[in-house]
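Trainee: Protein sequences appear in the order of chains A and B. Heads up: the first sequence at position 546 corresponds to 546 in UniProt numbering, and the numbers run straight through without jumps. Heads up: the second sequence at position 71 corresponds to 71 in UniProt numbering, and the numbers run straight through without jumps.
One should not assume that every hint holds.
[Said to hold, decoys possible] In silico PhoX-like links for lysine-lysine, alpha-carbon gap of 20 Å or less:
#, chain 1, residue 1, chain 2, residue 2
1, B, K143, A, K679
2, A, K296, A, K279
3, A, K577, A, K679
4, B, K146, A, K618
5, A, K431, A, K279
6, A, K713, A, K618
7, B, K12, B, K32
8, A, K538, A, K572
9, B, K143, A, K618
10, A, K210, B, K32
11, B, K143, A, K631
12, A, K299, A, K279
13, A, K460, A, K341
14, A, K251, A, K296
15, A, K279, A, K295
16, A, K584, A, K713
17, A, K162, A, K197
18, B, K143, A, K209
19, A, K393, A, K279
20, A, K538, A, K713
21, B, K114, B, K146
22, A, K460, A, K345
23, A, K713, A, K679
24, B, K146, A, K679
25, B, K32, A, K228
26, A, K204, B, K146
27, A, K295, A, K278
28, A, K204, B, K143
29, A, K679, A, K584
30, A, K618, A, K679
None of these hints come from the bench; they were simulated from the model.
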Amino acid sequence: MTQIKTQYNRRSFIKVSAAAGGGMLIGFSWLNGCKPNSKEIAAGLPVPKEWFDINGYIKIGDTGLVTIFSPNPEIGQNVRTSMPMIVAEELEVPWENVVVEQAPLNTGFYQNQFAGGSLSIRLSWNALRMAGATGKRMLMEAAAKEWGLQVDEVTASEGVIKENNGTRSVGYGEIAAKAVGIEIPEEVTLKNVNDFKLIGTDVKNVDGKKIVTGQPLFGLDFQREGMKLAMIQHPPAFGMQLVDFNEDEIKNMPGISDAFIIDTTIAEPGMFDEVGFKKLVAIVGDSTWQLMQAKKALKVNWETTSELENSELHIQRLEEALVSGEVEETRTDGDPEAAFKKAAKVIERTYSAPFIAHNTLEPMNFFANVTDTAAELIGPTQTPEALEGSVAKLLNLPLENITVNMTRIGGGFGRRLYVHFGLEAAAISKKIGGPVKLIYSREDDMTQGTYRPTYRSVYKAGLDENNTLIAFSVKGAGLTEGPVFVNRFPAGTVDNYLAQRIKVATNITTGAWRAPRSNFTAGAEQAFLDEVAELAGKDPIDFRLELFERAIKNPVGEKNEYEAERYAGVLKLVKEKANWGEAKQGVHRGVAAYFCHSTYVAEIFDIVMKNDKPVIAKVWCAADCGIVVNKDGAKNMLEGGIIDGIGHGTYSQLTFENGAPKQMNFDTYQLIRNSQVPKEIEVFFVDNDIDPTGLGEPGLPPAIGALANALYKATGQRHYHQPFNLEKQIIG
Amino acid sequence: MANYTLNINGKKQQIDVDPTTPMLWVLRDHIKLVGTKFGCGIAQCGACTIHLGDNAVRSCQLPISAVGDQKITTIEGLSENGDHPVQQAWLEIDVPQCGYCQAGQIMSASALLKRTPNPTDEEIETAMNGNICRCGTYTRIKKAIKTAANSENA
Ligand code: FES
Ligand code: FES
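Use the sequences and the hints to build the structure in full.
Mentor: So, in structure tokens, the structure goes:
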């Protein structure tokens, strides 16, 4: 049985009090990473202070209704459903009795929340289980005390406590008020994974009804009495800076109350302060349409402060960097140079991908209300704490006087890790001395920066006369960071191995974009391995499994960042489910597998030719993400990732001319549409009892590789440069 | 500025705005019906889809001056209690991820089913191609449209 501690050094992770309106309120830290056998605890090390910050609440009302206040930002990963499921499981309440509520505003509930890198579930798993189990235990103790029994003489199930040798029973709601007086147990027992009733089932999105009826949920929907609206104008090109603009003319336009320049420069910016432009024109008014008209009437003087770059220059810089660039990170096993020399067959291929924008469908926006002494911010952010810190710096206010509250987020993909739009709203509010909501137009959003870097990688493999892989090298360069993970597969599977990550400078700003680096590397590496397998005369799955076999039995090096067994596991599962190897008339298949964000995913694409055009008839997907909390929700995430991978690998790109993005809206920037997606996607999970890992990212990366490999089977053409359907134009 | 009387979700509404103002902003800024979403402003994403009469239109490209006395329906007015067959199918198939595009998707889908109660895959794709879902819920959208079609015929 797994025991979990509810305290550390006599400080409790849990606070219990009487709930307003009757019942019991359990407060806990949603991000308490305290594992049952946590290393920190065993070693007596100090644990992070945020483990003690109460930011999640469970209310057990006197009717037995359980309200779980979810502080997590919902960016579409469905954590507002899956995380409360974990609490309900350990608390032993039927899901019908559970209500999930957005934690109310202005309570500091949102401290320390972070929805990036598929982290949410991974970080919260133990905390949520502990909170639920503690609640159950206290309710049981209260009931036992009431009946003059020991706690092991009662059982809790489905929101009811029963005595084991008798007929007495009591609902959670009836006993909740009494449980408030029970001492918080120092240690609680977690359920056996095999006894889960709710976890692993399909539970519908708790916000579904609000979404399909158009309720105001998003930042852009936020309203406050007396609030103004604002829009910004940033320079048209990277390398340009604002000088001045026709202020008087703009201020006189209908519906415009103010126009001025803001500057969001702060001291010691952090990683989430990445921003394309800090000096901006801000226009304030009463209606969005009037603001848009004013934006059109802007006459702005820009000055050039650094080189205005073109896409051709970017390609040239990447090519040069691959020869002589600055290596950020490298790994060498054996003697790759010698091994390539003696190899019977050598193959070398180059892959590339363009800059892409996040293009969350809800454009950047934020509400701010700044007074002389305090600032209140409300909107879609993945990093409220970072925003708080930056706003405090910008306004020169103490951190305690800044409140940041989160709304539902109309798509994240990494974009809303960056906080500049919150800062801009704060700067505008300060200037006008009142509440304001800043709205980006699509053009503002798409041309502002924090793009997925553009990448270029050269892969090389050497086979001996028995077609065994004896040498492998990858060199990858990117503006502004290289795409290679030096310790990931195929590291560990080949004796002679070289990996180099190379960075190249640009004045275009880049940032985390769904599955950073993996979103390119997976496609390149998996397409390359397909060619290597072909050269070796081996089935692409068997070829990969052979490599994993090597990594299981006798891995090369010690720093390999993956578990070969689980990697092979998803390949075997997808192989079996899709009946790989069984020829189907007119169906062309490609496979890829990839590991990122602690999750393993393998995909098989089935392509058929329709009117001489390739159509994706079916995608088979196998994932190992540990315990699956909400099965249908998890499938939705993987399906979305696959479609996103196909879309960006096939259609999307951002190119530059004189520092300006050439694509500014969805007429020129193509996103995947309804008719372009696979006709069917089927998702399978590896069944295990490993702690759950994220699903926000891992579905995407392998899709690009599996697509490229299936396209080759269908058309005979290999694809090296994303986006595939524009390949010719890009490589010129 | 000019005065307009609109029929929105069965209610008469008086609005005094510039005649060029698109219905998207009339709804969002003036009437405070924010279920209709802004995504691109150039009729490319479908987030702003509403019904003009029985037709799905992009409200970001529909100036108020062009509405006249035609009936406007937004996501808030599609059904009384969120129980339109398309909304129900959306819940059954659990379509949304971030949810931002879904009001527009539902408005396009409900207009399609009104015109074509039993759409083929191609008809669904054609009708829905103007609605971007950045989260990639397209396969579920198709499934939900078929579910709604079946339930309406039942
Ligand atoms: S906002 Fe109207 S189509 Fe995009
Ligand atoms: S659900 Fe996020 S854009 Fe469609």
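Trainee: Look at each hint and say if it fits the structure.
Mentor: Structure-based check of each hint:
no. : hint               : result
1   : K143(B) to K679(A) : holds, 10 Å
2   : K296(A) to K279(A) : holds, 18 Å
3   : K577(A) to K679(A) : holds, 17 Å
4   : K146(B) to K618(A) : holds, 18 Å
5   : K431(A) to K279(A) : holds, 14 Å
6   : K713(A) to K618(A) : holds, 15 Å
7   : K12(B) to K32(B)   : holds, 14 Å
8   : K538(A) to K572(A) : holds, 16 Å
9   : K143(B) to K618(A) : holds, 15 Å
10  : K210(A) to K32(B)  : holds, 16 Å
11  : K143(B) to K631(A) : holds, 18 Å
12  : K299(A) to K279(A) : holds, 15 Å
13  : K460(A) to K341(A) : holds, 12 Å
14  : K251(A) to K296(A) : holds, 13 Å
15  : K279(A) to K295(A) : holds, 16 Å
16  : K584(A) to K713(A) : holds, 13 Å
17  : K162(A) to K197(A) : holds, 19 Å
18  : K143(B) to K209(A) : holds, 18 Å
19  : K393(A) to K279(A) : holds, 16 Å
20  : K538(A) to K713(A) : holds, 15 Å
21  : K114(B) to K146(B) : holds, 13 Å
22  : K460(A) to K345(A) : holds, 11 Å
23  : K713(A) to K679(A) : holds, 19 Å
24  : K146(B) to K679(A) : holds, 13 Å
25  : K32(B) to K228(A)  : holds, 14 Å
26  : K204(A) to K146(B) : holds, 19 Å
27  : K295(A) to K278(A) : holds, 18 Å
28  : K204(A) to K143(B) : holds, 16 Å
29  : K679(A) to K584(A) : holds, 17 Å
30  : K618(A) to K679(A) : holds, 6 Å
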